[in-house]
Structures are given as C-alpha cells and as structure tokens.
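K.L.:
Chain by chain, the residues:
Number of protein chains: 2
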Amino acid sequence: MNEAFSFRLIASDGAARRGEIITPHGAVQTPAFMPVGTQATVKGLAPEDVRATGAEIVLGNTYHLMLRPGPERIAALGGLHKFMNWPPPILTDSGGFQVMSLSKLRKLTEQGVTFRSHLDGAIVDLTPERAIEIQALLGADISMQLDECLKLPATREEIERAMQLSLRWGERSKRAFESKARTGYALFGIVQGGDDLGLRIASARALVDVGFNGYAIGGLAVGEPQVVMLKIVAEVAPVLPASHPRYLMGVGTPHDVLEAVARGIDMFDCVLPTRNGRHGMVFSRFGSINLSNARHAADPRPLDEQSNHPAALIYSRAYLHHLTKANEILGQVLLSTINLAYYQSLMAGMRAAIATGRFADFHAATMAGWEQGDISAM
Amino acid sequence: MNEAFSFRLIASDGAARRGEIITPHGAVQTPAFMPVGTQATVKGLAPEDVRATGAEIVLGNTYHLMLRPGPERIAALGGLHKFMNWPPPILTDSGGFQVMSLSKLRKLTEQGVTFRSHLDGAIVDLTPERAIEIQALLGADISMQLDECLKLPATREEIERAMQLSLRWGERSKRAFESKARTGYALFGIVQGGDDLGLRIASARALVDVGFNGYAIGGLAVGEPQVVMLKIVAEVAPVLPASHPRYLMGVGTPHDVLEAVARGIDMFDCVLPTRNGRHGMVFSRFGSINLSNARHAADPRPLDEQSNHPAALIYSRAYLHHLTKANEILGQVLLSTINLAYYQSLMAGMRAAIATGRFADFHAATMAGWEQGDISAM
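Chains as they are written, first to last, in numbering that gives the first Met the number 0: chain A, 0 to 377; chain B, 0 to 377.
Okay, chain A solo, but in the shape it has when bound (with noise of 0.2 Å):
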C-alpha cells in the first residue's frame, strides 16, 4: 500500500456527507471516528481488539510521543505504525493542544512554544517546523498543523491574535510539510477562532486559500454549550471545500458526535469512550449507563443483547457491575471495547443512513433510543 492521500465524497443528504479518505496505509470510510492512541496505545485494548471495534483510524498524540519515546526513537524503530502494531491509517495532532493543557511554563511568541515537561520538567521547543518534523518522524497518514489554542472565555482581541498566529503557523506547516516530500502524505490546516462566528469563518477561508488536504475545526468541546458548537460547525462547514475532509477536533459525546455529521463533519477524535470506560460509564442505544449503580448488581442481561461485539453480548450487567465495583483492569477493557464498538456502529449506522438518503429517519431514531434510556432488569 501507498496510495496517495485522496478524499471521495461518495453521498450527501442534506449536509451529511458520506466519503471515503485513502492514505498511504489504507481507506478510511467517512464519517470516521479515531480512537485515540494517546501513548502509542489506546488505553486498555491491543490493536486487533481496537480493529475489531470496527475503526478504521487512530490518532496519536504528538505531545505525549515527541516526549516519551521521542520521535526519533519511534522512526528508529519503524515509525508509529510499526511501534504500536497499527498497521491502517494513523493520524497525528501538533501537540498544540496538551502544550496548552498539561505542560507548564508556557512561553509562546512568532516562532513557536516552548515548554516544561509535565513527566521531567525538560525544557522543550515546539515550532511549526518541528512539529512536522515530529509527525514525519511517526509516519503519520495524516499530520495536523501547529496551532495556538487559546483558553475561553478570552477576548476578542485575544481570539483573533491566536487566529491570525495559527494561520501564519499554518503557512509555515504547509512550507515544512512540502520540504519533507511526503508523497501521498496529507496535512490538514486548522480553522481556530474561539466562539466568533466572524473569525472563525475568516479563520477557514484563509486557511482554504493556504490550502490543505483537509480541515479541521479546533478549539471547540472545551467546556462551550454544545449549540455554541453546533453553530459554530453549520457555519464553518459550508466555507469548506466539499472536496476535502472536514475533521472536528476531541468530539465528542455520541450526540455531539450525531449533531456535527448532520452539519457535514467527516472525521471525529475523542477520548470519551476509553475514559469513561475506565471509569464504569458506557454509550449505548439506550443513552448512558452508570454500570456501577447498583441496579446491575443482579441483573443477568447483557448491556445489549443486539450489539455486534462480543463484549456487549457475552458478559451480564451483574459481572460488569462486578468488575467496576472492585476496579479491575477487565471491567476498564471490557467498557472501553464496549464504548468503542458503540461509537464504531454508531458511525456504520450513519454511513448507510446517509448513503440511502436516510439520515433524518436514523437521527430521529437515534434520539430516540437515547431519550427512551436505558431499561432497568424487573
């Protein structure tokens, strides 16, 4: 396999699109939800078990890599997909967002970011250029631009300076990325632009007259109300060329998920499902489930008896509850797997709803199992 990156819009209805992505490690069907791969691993599931999810595509976290092992170690070693056993497509964020998130003494200026480390306090510098450099090193199908995410609220002074900086980080990326030669490689500019509809929009058609294999939209799902974000989505996606992928960057909730394919989002990354995995909270058709209520203590159902992964259907509620309640490592792989194979369906449903012209009937059936909740044993 090394086919060049290409995107192929198969179906539309009404916004919803349905497509297909090929990168260099195989074909990504549209719209695609990326497990996360944080530190080389999606928390608790080898990579059979993430594929047999139904994903298609892992993200991994520059971030986390560039610091353990180191970028180099892993090109070393045979790049990401080799390190992690991943053999599809992998895509790769800047690292912008956990500089702004987990490291400390943050000095941003033109040039870039430098940081400490939150595992050794090393000081570390994050550029445009670097952070392509980083993602080449991995082997990432997919690299993302570096850009500055800004905390809300914040003014709109300060949104528009983080956006114009991103932009002209986005310039830069595009330069690093074409020097490397990647062919078939893709590198997705990044619409920022806080919660102003007026930045944002300018934020994307800029970025469209850079020019990139796709497009992402970050900043949002950081603490926003979800019509903030919604809104925000209907108005941007349009501004995109319906050529190229649209990627929401660490959404979402199976809703927000739903709600942004609706409004023409190809592509998804969030840790939802494996954190709230590890944690005894699962997705389901039936909304969310706290499997450490005690209801389940007895129940013999399994949490879906018309799940298609083994996980969902094999094990009761009572031995999930089980697990949960004395924390062991089972119940957070069972629940991730369970999450992962519910936000994989969830995508399929989605897919053939919208290839057949189907979409509001599967969006108002989807509500609707979620409005009904989960049933409680007799």
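Keep in mind that the hints were calculated from the coordinates and are not lab data.
It is possible that part of the hints are untrue.
Copies of the same chain are indistinguishable here, so a pair counts whether it falls within one copy or spans any two.
Unchecked claim - Straight-line alpha carbon distances no greater than 25 Å define the calculated SDA-like cross-link-like pairs of lysine to any residue that follow:
id : residue 1 : residue 2
1  : K81       : S283
2  : K324      : L118
3  : K106      : G120
4  : K106      : A296
5  : K179      : E71
6  : K324      : N84
7  : K324      : D124
8  : K179      : A3
9  : K81       : A296
Starting from the known structure of chain A, fit chain B onto it as the hints suggest.
P.N.:
Chain B alone, transformed into the frame defined by chain A:
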C-alpha cells in the same frame, strides 16, 4: 459435560508424573498451572485470552468472592463458570489463607474463624461447612477444605495445634461436601505442619485415612527458603497415594514449579505471572527480565522469538518498555499474558518430557537457559 471426577496417571519419570484430571467441566492435563482468578477474573485478561495461553483450569478465591459479589449472587447468576464466562474447570480455595493474610480482627475457635471484611468491615463467619457451601454455590469443580494457615515462624506446639485443627476441619469439610451430593465434583484435603517434617507426614497420613479426591500441600512458599519447601515436598509426596492428584498451593516461580514437579507435584497456582507482569517483570526461557530497564528502550527484538504466543512475538521490547514506563494498561495486560503463556509452555514442556522419559534432560536444559540469562541487544 458432567463426567465424574477422576485422575489418571499416564506416565512417570523418576518422581515426576504426567497425568490427566477429569472434571465435570472438562479435562486438565498435569502437571498443570492454574492462573489465579481472584475476583472472578484473571487480572487483566479476558477468559478467551487466558485460554489462549494454554490454561485449562483457573483458581477462584473463596475469600474474595464471598465478600464481593457474594456466593449466593453468583449462584443466582448461574455459577462462577457462567459469571466469569470461563466454561473449563475451576478450582476454588477455601478462603483460609486470605482470612489470615487480608482480614482484620480474626478470632479462631474450634468451630471456625470470625473476621472483619477488608472491604467494608463487616463481621463474617467462616466454618468448614460454610466454606464447602460457598464453593458449592460457586460451582467449583474442585473444592478445598478449610484449613488454618499459620504464620511462620511458630513453635512446634503451635504448628501441631494448627495442623490437628486443620485435620478436624478436613473431616468436617468432607462430611459437609458429601451431604451436598455434588456427583462428580471433587474435594481436596490440605496437608499442614509448617516446616516440621514429622508433623507434615503425620498430617498427610491422617488426611489419606480420611480420604479425599486429591491432596494439597498448604502453608508453603510463605517466606521459607526454597530448599526447605522442596525438602517437605519431597518427603510428603510419597506419603500421598499415587492414584490421586497432588497440588502445591500458591507456588511459585518457574524454578519452584520445575523442582516441585521433579518431586511428584501435579498442580500449581500462583499470582506471580500476573502480579509481576503488572510491574514490568517477565519470566522467560532466559530467566526473568525487567522491561522497565533502560537497556530495552531501543531494542527492536521481540521478547522471545521462539514463543508460541503472539504477544511475545509481535511487539518489540522497546514497545513493551515504553508501555511499562508509561504505566499503560496494555503493558500490564501484555506482560501478564506473556508470563501466563510462558508458564503454560513450561508445563507443556514438562508434560511432554515426562511422557517420553526425558524429564532430566528437560530439567537440565531449562535450568541452563535460565542460568544463561537474557541476551542484550548489540
């Protein structure tokens, strides 16, 4: 499946024995190593992954399961096999060992032991009869008598008192077991007597007079030198009937297991492969290896290119080192799996060697590998 319990001695080589145990849930080839499923899960592994390491039987802990989720609940849910989705045989201990090691405020009488739960402080009574009842509720293929596990060092008087109490509890356990009329299921007696050979032999003879389906040696591997343990095993094993399986409880390292098989033991259980795996330590043909050691950080080699388990073949030492340093769940899971697979391959090697009269050669070759030690990367 509901065959009556039986043991068949297939071959002997010196004192080492190759046999087969038949239980209501299937056959177990001996010498056998039983992974420990403390809280109705072998820590970190799904049941199919335990099976894939080669395990044919697991151990369940009566103490843990009686406190959470409770034997009546497990029985209502169809028994332990169904609860944890492990159809093959299960042996349960009697709870005596954990009462001594984990609980507080123990009060020992002729009748039984009263203790405070380490989970919620509840006062719990455990008698020989209740221990048998719990194991019947769990549905164990092999139940163990309740015994008093003494902490060493102790006076000869104390050791003899505890041994005699354990004998009387053994008789009561047998009466209680027979009253349950669990056709085809098995009850094992437990030899006690501390580090006193005379008391050990007296205990063994008295147990044989009572008559059990198999005989365990308890109260060893609790800190005494290996040479003391092996001396007791060597002296006690010949006192036990050749027609019945012999189980050395809570043992041990691969070397302990190898030497105990050489002295006539058929069954083992131990938390070492999973506990050590969760802390970056693996057992291998070349001795134990600490994956957190920096020498593995850039090593592209698999842990053991001759392993018959994918986890030891697919991932590089560098990746396993990374997961260990990053304290990732997947590292704990993979190293636990690799350790269990190594134990099972060691058992399989011993079984094949005994069957063909090559046990001495196998013993020497295995020892030579461990003594050679791990070979570092260039």
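K.L.:
Within a copy, between copies, both or neither: which one fits K324 and L118 at a CA-CA cutoff of 25 Å?
P.N.:
Classified as between: cross-chain Cα gap 11 Å, same-chain 30 Å, threshold 25 Å.
K.L.:
Reference check for the pair K106 and G120, CA-CA at most 25 Å: within, between, both, or neither?
P.N.:
within (14 Å within a copy, 52 Å between copies)
K.L.:
Is it within a copy, between copies, both, or neither that the alpha carbon of K179 lies no farther than 25 Å from that of A3?
P.N.:
Close inside one copy (15 Å), not across copies (70 Å); limit 25 Å.
K.L.:
When no copy is named, should K81 and A296 be tagged within, between, both, or neither for a Cα gap of at most 25 Å?
P.N.:
between (41 Å within a copy, 15 Å between copies)
K.L.:
How do K106 and A296 come out at 25 Å by Cα distance, when the copy is not named: within, between, both, or neither?
P.N.:
neither (51 Å within a copy, 31 Å between copies)
K.L.:
Within a copy, between copies, both or neither: where do K179 and E71 come within 25 Å Cα-Cα?
P.N.:
Within. Shortest intra-copy distance 15 Å satisfies the 25 Å Cα cut-off; inter-copy 65 Å does not.
K.L.:
Classify it for me, K324 with N84: is the Cα-Cα distance of at most 25 Å met within a copy, between copies, both or neither?
P.N.:
Only across copies: K324 and N84 sit 18 Å apart there, 32 Å inside one copy, limit 25 Å.
K.L.:
Are the CA atoms of K324 and D124 at most 25 Å apart within a copy, between copies, both, or neither?
P.N.:
Intra 43 Å, inter 23 Å, cutoff 25 Å: inter-copy only.
K.L.:
Could you figure out if K81 and S283 sit no more than 25 Å apart (CA to CA) within one copy, between two copies, both or neither?
P.N.:
Only across copies: K81 and S283 sit 24 Å apart there, 33 Å inside one copy, limit 25 Å.
Of the numbered hints stated above, the single one contradicted by the structure is hint 4.
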